[in-house]
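**Q** Here the sequence shown stands for residues 1 to 417, where the numbers follow UniProt numbering.
Hints were generated in silico from the structure; no laboratory data involved.
Just to be clear, a hint being listed does not mean it is correct.
[Claimed, not checked] Once the Cα atoms are required to be at most 27 angstroms apart in a straight line, the calculated BS3-like pairs of lysine-lysine come out as:
| id | residue 1 | residue 2 |
| --- | --- | --- |
| 1 | K274 | K324 |
| 2 | K389 | K251 |
| 3 | K380 | K243 |
| 4 | K377 | K367 |
| 5 | K389 | K377 |
| 6 | K331 | K367 |
| 7 | K274 | K327 |
| 8 | K303 | K331 |
| 9 | K367 | K303 |
| 10 | K367 | K167 |
| 11 | K414 | K303 |
| 12 | K167 | K189 |
| 13 | K28 | K189 |
| 14 | K327 | K380 |
| 15 | K414 | K167 |
| 16 | K380 | K414 |
[What the hints assert, rightly or not] So the derived label-pair ranges between C-beta atoms look like this:
| id | residue 1 | residue 2 | range |
| --- | --- | --- | --- |
| 17 | T263 | V12 | 39 to 47 angstroms |
| 18 | T360 | L216 | 35 to 43 angstroms |
| 19 | N192 | I417 | 17 to 25 angstroms |
| 20 | E347 | Y73 | 49 to 57 angstroms |
| 21 | R228 | E347 | 39 to 47 angstroms |
| 22 | N104 | N192 | 34 to 42 angstroms |
Note that CB positions come from ideal geometry on N, CA and C, so glycine has one too.
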Amino acid sequence: MDLLRFITAGSVDDGKSTLIGRLLYDSKSILADQMEAIERASKSRDDGEIDLALLTDGLRSEREQGITIDVAYRYFQTPKRKFIIVDAPGHIQYTRNMVTGASNCQLAVVLVDARHGVVEQTRRHSLIASLLGIPHLVVAINKMDLVDYSQDVFSNICIHYNELAQKLDVGEVTYIPLSALNGDNVVEKSANMPWYEGEPLLSYLETVELDHDENLTDARFPVQYVIRPQTAELHDYRGYAGKITSGIFRKGDTVTVLPTGETSTIDAIEVAEKHFDEAFAPMSVVLHLADDVDVSRGNLIVKSDNQPVVSQNVEAMLCWMDTKPLKVGNKYTLQHGTFRTRCAVREIIYQLNVNTYEETEDVESLKLNDIARIVLKTAKPVSFDPYDKNRVNGGAILIDETSNVTVGALMLRKEAI
1 MDLLRFITAG
11 SVDDGKSTLI
21 GRLLYDSKSI
31 LADQMEAIER
41 ASKSRDDGEI
51 DLALLTDGLR
61 SEREQGITID
71 VAYRYFQTPK
81 RKFIIVDAPG
91 HIQYTRNMVT
101 GASNCQLAVV
111 LVDARHGVVE
121 QTRRHSLIAS
131 LLGIPHLVVA
141 INKMDLVDYS
151 QDVFSNICIH
161 YNELAQKLDV
171 GEVTYIPLSA
181 LNGDNVVEKS
191 ANMPWYEGEP
201 LLSYLETVEL
211 DHDENLTDAR
221 FPVQYVIRPQ
231 TAELHDYRGY
241 AGKITSGIFR
251 KGDTVTVLPT
261 GETSTIDAIE
271 VAEKHFDEAF
281 APMSVVLHLA
291 DDVDVSRGNL
301 IVKSDNQPVV
311 SQNVEAMLCW
321 MDTKPLKVGN
331 KYTLQHGTFR
341 TRCAVREIIY
351 QLNVNTYEET
361 EDVESLKLND
371 IARIVLKTAK
381 PVSFDPYDKN
391 RVNGGAILID
401 ETSNVTVGAL
411 MLRKEAI
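Can you make the complete structure from the sequences, with help from the hints?
**A** This is the structure:
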C-alpha cells in the first residue's frame, strides 16, 4: 500500500482544520477516546455541533483564537492508501511553517472560501506550492453551502484561479466544490451539487497517480556511512550505506564519486545481507565498488553518463526562516543531503513579493518569511540537480553556525556565473 503526503493550505477561516476533521470523521479514522475528548471540548458551542477543527488545532492558543498556528500532522488510511496530512497555518507570519510542512508533500489542497474567491493568501500558498515543486494541486472551493451550492460561483472561481495558475509553474490542477462542515463532496458525493460530475475529495486522494512523481532517470546516492568492519570474517569488506534518492543503480554500472570525480563500477548491491542485481529510489542499500576509491560521508555516487551540476557558486531560491536578518556577506553552513560545507551569501538577486509576484532588486537584507533568489559561494563544491528537475537532490538548508538552528530553506536552481 503506497503513502500519500499532502498539505492543506488556505486563508484564515477557510476551513482547513474542519476539512481534515471531516476527512478523519467520515472515513472512521478517529479513535473512541479522541472522539470523547472532542465532544467534551465542543460543549461550549451554541449549536451543539461537534467542532471537527479541534482534531488538528491542538495548541491552547489555536483553540482560543480558532486559527492554526503550528504545522500539525495527522495519519490515517483507507483500504486503498495510507495518508499523512499536513495542516499548515494560513497567516503570512507563518509562511516558514508552511514551507517546512510542504517540503516533502506530493500534493497540496488549497482551500478557497466560496464567498471570497481567490484572495492574497491563495496567491501566496499557490506560489509556495509552485516553488516547492509539488506535482499535484487540488483547489478545494469550500463553504459552498453558504452560496447555495451555486455552479456559477464555482465556475467563476475556477476561471480566476486558472489565470493565476498559468503565471506559476504548477503541475496538475483539480477543482472540487465542497462543504467541509456538512460533508458535501468530502468523502461521499454530494446530492446538493448534481451539476458537479467529478469525484469527491477522498476518492481523488485515493486514486491520484503517484508513480510518475518518482525520478527514476537521474541516479543519485548520497553516502551516509562507510561500513568497514575489519574483522577476521569480513577482513576486506568495504560498503557504502545510504538511501537512493532518485534513479536506478544496477550491478556493473560505471559510477563517479562526487565531488572528487573518481570512477569505478558497482561490484554488488546489498540489502539486509542479501544481494540484488538492481536497486531504485527510495531504497536504502549498501553499494560495493570494484575499486578502492576514496569515498566518505557526504560524497555523492552517480552514474558516470548522467552527472549533476558540481559548483562552488550556486544560485537558489530561499525562504528565510530566522528572526535575525540575512545580509550579503553573512556566513552559514549549507547542508545538502549528507553533505555539509561553509558558505557565504554573495548576492541577493531579487526579493519576491509572495502576494503580487513582483521581483524587487537592490535588496540588502531579508527578514523572517521573505522569499528571494540569492547566490551562495561555498567552501567546497556542491553536487546538485536543479530543484525543478530533481526535488530531493535540489533541496538544501542553511544552518546558523553559532546556534546550529536551521535558518533557511533552499531550492537550488543552477550554477551561478
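**Q** Which of the listed hints are broken here?
**A** 1, 7, 8, 9, 12, 17, 19, 20
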